[in-house]
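Enquirer: Sequence:
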Amino acid sequence: MKAFLSGSVKGVYECIDIILFVLVLGGLINILDHSGAFGAGISALSRATKGKEYILIIVVTILISLGGTTFGLAEETIALYPILIPVFIAAKYDVLVCIAAIYMGSSIGTMMSTVNQFSVVTAANAAGINFTAGMGFRLAGLIIGTAITIIYILRYAGRIRKDPTKSLIYEDKERIEKKFDKHAEDLVMTLRFKIALILFLAAFVVMVYGVAIKGWWFEEMTVLFLVTSVIIGIVLRVSEKEFVSKFIEGAGGLIGVGLVIGIARAVNIILETGKVSDTILYKLSGIVSGMNPFLFIVIMMLIFVVLGFFINSSSGLATLSIPIIAPLADAVGMPREIIISAYIFGLGMISFITPTGLILATLDLVDVTYNKWIKFVLPLMGILTVLSMILLILQVAFSK
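For the working numbering, count along the sequence shown from 1 and bump the result up by 11.
None of these hints come from the bench; they were simulated from the model.
Heads up, some of the hints might be wrong.
Label-pair distances were calculated between CB atoms; the ranges are [claimed, not checked]:
(1) 182 - 401: 29 to 39 Å
(2) 143 - 177: 26 to 36 Å
(3) 20 - 410: 43 to 53 Å
(4) 259 - 190: 13 to 23 Å
(5) 70 - 394: 15 to 25 Å
(6) 266 - 341: 44 to 54 Å
(7) 302 - 259: 56 to 66 Å
The beta carbon of each residue, even a glycine, is placed where N, CA and C say it ideally should be.
With the sequences and hints as input, model every part of the structure.
Expert: In structure tokens:
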């Protein structure tokens, strides 16, 4: 009972690095926004993409998908929504299109991980195999899955541009867009604005390099953006008093998002404390032992979907489940790397919607309800489920 009651507090404690990152980023963005640099940049970008706004969707989705497949880009994308949503709104899209390009891009990338150390490498080590085994099928899945995701987003985006009433969030459109309105049409890009925005974008480049190459995590990323905010404040000639005021104001606006992140982690803690995932894993592994290989691997993917709901951490699920499930592949006569594919496909699939993951914090940030997201994403999940099953069956067939 004590563990259950203290779970919510522990959830916030365990996510404090992510929460601080979100708050610091909120402060930085508010300084840029208040100065007018943000709005001027959005105005310039909108003019540059006028008539070819669809390129935004393609480029953002591909870049984030590549981040997902290589180094597990996920929580870091929280930083992108306040930046890109005004750009997508200026392009006459709704915020769902922006969420889709970022969140779906990240999800399909991690779902089809190729060299992601937090999922594929960890799982392969737990299974006692080289992480490059089976990479060809995962790479094919990445290319096909990303293409499907982009087409899916483009179809919805094209439909709502022609008829805004087709938007799934049409009744909330005005309220949401008002929140992200930067009044960019009145702003001119000055030299100081250009320098500030270049520094801002450079911070993201450094962040990606640090995470992918230097092994950075949220502590280093938070320091990076805190230092960047001070430098930008100096460039924009923001007074000390105004800097502190606007920084706190921006951070305060994201406290709710931080609490949602902590509560989502608390649910995981409570489930882990109650050994719920262990019980499910033990029961399900007994059911699939000795099955036909083709049926076995499909069932295994669905098992990982279930487990991923309770344990949304890729490395956590790999460490817990792969040592138990990988030997079952030997029993049905298939290579263990196919289990790794089933693991990343299943976990990636449920990550599109699991409330214990990142989606609730994302939706809270942009004021979109969970049921609207479910309605939007379910058809794509159905398509990707079929794709995953086909890839797994082909992998089994080619292993014989």
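Enquirer: Does each hint fit the structure? Answer for all of them.
Expert: Against the structure, the hints come out as follows:
Between residue 182 and residue 401 the C-beta distance comes to about 38 Å, which sits within the given range of 29 to 39 Å. Restraint check, residue 143 to residue 177: a C-beta distance of roughly 44 Å breaks the suggested window 26 to 36 Å. Take residue 20 and residue 410: their Cβ atoms lie about 47 Å apart, and the range 43 to 53 Å holds. One distance hint, 13 to 23 Å for the beta-carbon pair residue 259 and residue 190, holds here, with the actual separation near 19 Å.
As the Cβ distance of residue 70 to residue 394 is approximately 22 Å, the hint placing it in 15 to 25 Å holds. Separated by about 50 Å at the C-beta atoms, residue 266 and residue 341 satisfy the suggested range of 44 to 54 Å. About 58 Å separates the C-beta atoms of residue 302 and residue 259, a value consistent with the hinted range of 56 to 66 Å.
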